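Residue numbers (this note's numbering), protein chains in the order written: chain A, 1037 to 1351; chain B, -8 to 241.
Please keep in mind that the hints were generated in silico from the structure rather than gathered at the bench. Computed from a predicted model, the values in this text were never measured in an experiment. Each residue gets a CB set at the ideal place from its N, CA and C atoms; glycine is no exception. The reader is advised that the hints may include incorrect statements.
[Unchecked claim] Stretches of chain B that chain A covers, calculated by requiring three or more beta carbons in the stretch to come under 8 Å of a beta carbon on chain A:
#1 7 to 20
#2 224 to 232
[Stated by the list, open to error] Computed spacing ranges between beta-carbons, pair by pair:
#3 K174/B x K1315/A: 56 to 66 Å
#4 N238/B x E1134/A: 43 to 53 Å
#5 L1284/A x E110/B: 50 to 60 Å
#6 S1120/A x Q146/B: 27 to 37 Å
#7 F224/B x I1274/A: 36 to 46 Å
#8 D1326/A x A117/B: 35 to 45 Å
#9 A186/B x G1309/A: 53 to 63 Å
#10 E132/B x D1221/A: 38 to 48 Å
#11 S1195/A x E132/B: 28 to 38 Å
#12 H160/B x S1120/A: 37 to 47 Å
[To be verified] Stretches of chain B that chain A covers, calculated by requiring three or more beta carbons in the stretch to come under 8 Å of a beta carbon on chain A:
#13 27 to 36
#14 171 to 184
#15 199 to 208
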Amino acid sequence: MDIKSLEDRFEAKIAAGESIEPKDWMPEKYRKTHIRQISQHAHSEIVGMLPEGNWITRAPSLRRKVALLAKVQDEAGHGLYLYSAAETLGITRDEMTEQLLSGKAKYSSIFNYPTLTWADIGAIGWLVDGAAIINQVMLTRTSFGPYARAMVRICKEESFHQRQGYEIMLTLCNGTPEQKAMAQDALNRWWWPSLMMFGPRDAESPHTEQSMKWKIKRKTNDDLRQQFVDITKPQADILGISIPDENLKWNEASGHYDFGAIDWDEFWQVVNGNGQCNKDRISAKQKAWDEGAWVRAAAVAHAEKKANKKQKLSA
Amino acid sequence: MDQSRYEYLLLLGDNSMILGHRLSELCGHGPSLETDIALTNISLDLFGQVRSYFQYAAELKGDAATEDSIAFTRFDRDYRNAILVEQPNEDFAHVIVRQFLFDSFHLPLLEQLVNSRDETIAAIAAKSIKESRYHLRFSSEWVKRLGDGTEESHQRTQAALDHLYPYLHEVYNESPIEKEMKKAGIGADLATVEAISRNTIEDVLTESTLMLPKIEPRMVRGKQGIHSEHMGFILSDLQYMQRAYPNMQW
Ligand SMILES: [Fe+2]
Ligand SMILES: [Fe+2]
Ligand SMILES: [Fe+2]
Chain A
1037 MDIKSLEDRF EAKIAAGESI EPKDWMPEKY RKTHIRQISQ HAHSEIVGML PEGNWITRAP
1097 SLRRKVALLA KVQDEAGHGL YLYSAAETLG ITRDEMTEQL LSGKAKYSSI FNYPTLTWAD
1157 IGAIGWLVDG AAIINQVMLT RTSFGPYARA MVRICKEESF HQRQGYEIML TLCNGTPEQK
1217 AMAQDALNRW WWPSLMMFGP RDAESPHTEQ SMKWKIKRKT NDDLRQQFVD ITKPQADILG
1277 ISIPDENLKW NEASGHYDFG AIDWDEFWQV VNGNGQCNKD RISAKQKAWD EGAWVRAAAV
1337 AHAEKKANKK QKLSA
Chain B
-8 MDQSRYEYLL LLGDNSMILG HRLSELCGHG PSLETDIALT NISLDLFGQV RSYFQYAAEL
52 KGDAATEDSI AFTRFDRDYR NAILVEQPNE DFAHVIVRQF LFDSFHLPLL EQLVNSRDET
112 IAAIAAKSIK ESRYHLRFSS EWVKRLGDGT EESHQRTQAA LDHLYPYLHE VYNESPIEKE
172 MKKAGIGADL ATVEAISRNT IEDVLTESTL MLPKIEPRMV RGKQGIHSEH MGFILSDLQY
232 MQRAYPNMQW
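Assemble the whole structure, with the sequences as input and the hints as a guide.
What follows is the structure, given as structure tokens:
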């Protein structure tokens, strides 16, 4: 079959809402876009373990410690699952890791902000996992089969994380004045970076049109961001803490909340490597990777020795 | 309050807690995603055991004690864990060898505690035994992999063994509380535990091409609350929130 008819068949499949599987023919650009997006998502899960991991040894109670350990471990599982989905497109996990460490591959900018208090663990669960879910629920219907299926599984755990984070915030807000102040401070610091998680405004988002056409995305960045604000504002009201945006108001006519301008300069600064923790995050992953080299080599060597012994025995 | 039984629970719980803490420091920093997940799993199991032991200890103590007040608000000298589990995560070989030595002891210990005359302890042991069996399998496999892997992994693992093995002796040494609990049919007989543990170690080391260090046991008394200099820093992390914000709900 010539390229043109392959392309036509591919487009027809997409139009009919059928899923694309790894063995199916796909345009090179579709493959590349998915490798980029899925590996970026996987890296976000993995780098995201660091700011939260920062509070495991200091968690305030045994119950919270166990929950946080389990959460961070879930994120490792998400990373693993997503790396496997990307591998079906012809890239190895090691290659993806190298791309993360070299800076060629990106991860979600939100994880370049520091976790300074215990309330940050609550705020991350509530806001960051909350924002991730909105994005990921949409991705459960994305056109590439392995990615969509990974999302179904991951979304269940993310919504558990979100509830858990909100519950931490609720406990703080019902606690002492110090605890409530800690919660407010965390909201102040995490609110705007959370809004930035949905990416640039539609007008400045270069990939959006093609992504919508291929049904990689089914909603635009701005639509998803609005959805997040609409869901989150009433939750902040229940907590009794205030979102740090004086322009945040209910708009009767649109049926949505209006909100203030995002500092896109800050967003691009962080994306381009100048956030507070960009360097720390990559250094931590680099260190683990370098220090793990002899361990990975030992595992390979041992497996080879074992295989050789077996061969000798059966010969 | 049954003071001896209470202290015996601390002894059991503190080992799991401090080892779990050391493992939890590694979360996100492991040599591979798979080992990261596995070590976190072990940490989670250990903290699960800690909660069971300390909930029971809190019950015995009364006086508004909770699992958290027991875990987080004692002073250094009141922790009863062995020095072995305090040892830092020097490298992956140290992590694995520390785990393996502890598991070789922990599994036969639990196998005895299953028959404890104290029903709660027996129930906790019964639940923990499956976990411990898995931990021992995991750590043994890795000792073999590292011991009989590359030149470098062999050297590192032997070095970790030389460092950690002399601390192992302490866990076999019967403290007065352990003696009393054994006599009461509540605690384990450490002589039996030691024999099984030593067997396991010998078998695994042989397969790993590693040597049992010919080093005298170190004179350490963690079980009596004389800890290493690492312990104060472990507790600074562990207790930080409870100390900085006392008497709050989290
Ligand atoms: Fe996740
Ligand atoms: Fe995610
Ligand atoms: Fe999550």
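The hints, checked one at a time:
no. : hint                         : in the structure
1   : 7 to 20                      : holds (count 6)
2   : 224 to 232                   : holds (count 4)
3   : K174/B x K1315/A: 56 to 66 Å : holds, 59 Å
4   : N238/B x E1134/A: 43 to 53 Å : holds, 49 Å
5   : L1284/A x E110/B: 50 to 60 Å : holds, 57 Å
6   : S1120/A x Q146/B: 27 to 37 Å : holds, 34 Å
7   : F224/B x I1274/A: 36 to 46 Å : holds, 39 Å
8   : D1326/A x A117/B: 35 to 45 Å : holds, 42 Å
9   : A186/B x G1309/A: 53 to 63 Å : holds, 58 Å
10  : E132/B x D1221/A: 38 to 48 Å : holds, 46 Å
11  : S1195/A x E132/B: 28 to 38 Å : holds, 35 Å
12  : H160/B x S1120/A: 37 to 47 Å : holds, 44 Å
13  : 27 to 36                     : holds (count 6)
14  : 171 to 184                   : violated (count 0)
15  : 199 to 208                   : violated (count 0)
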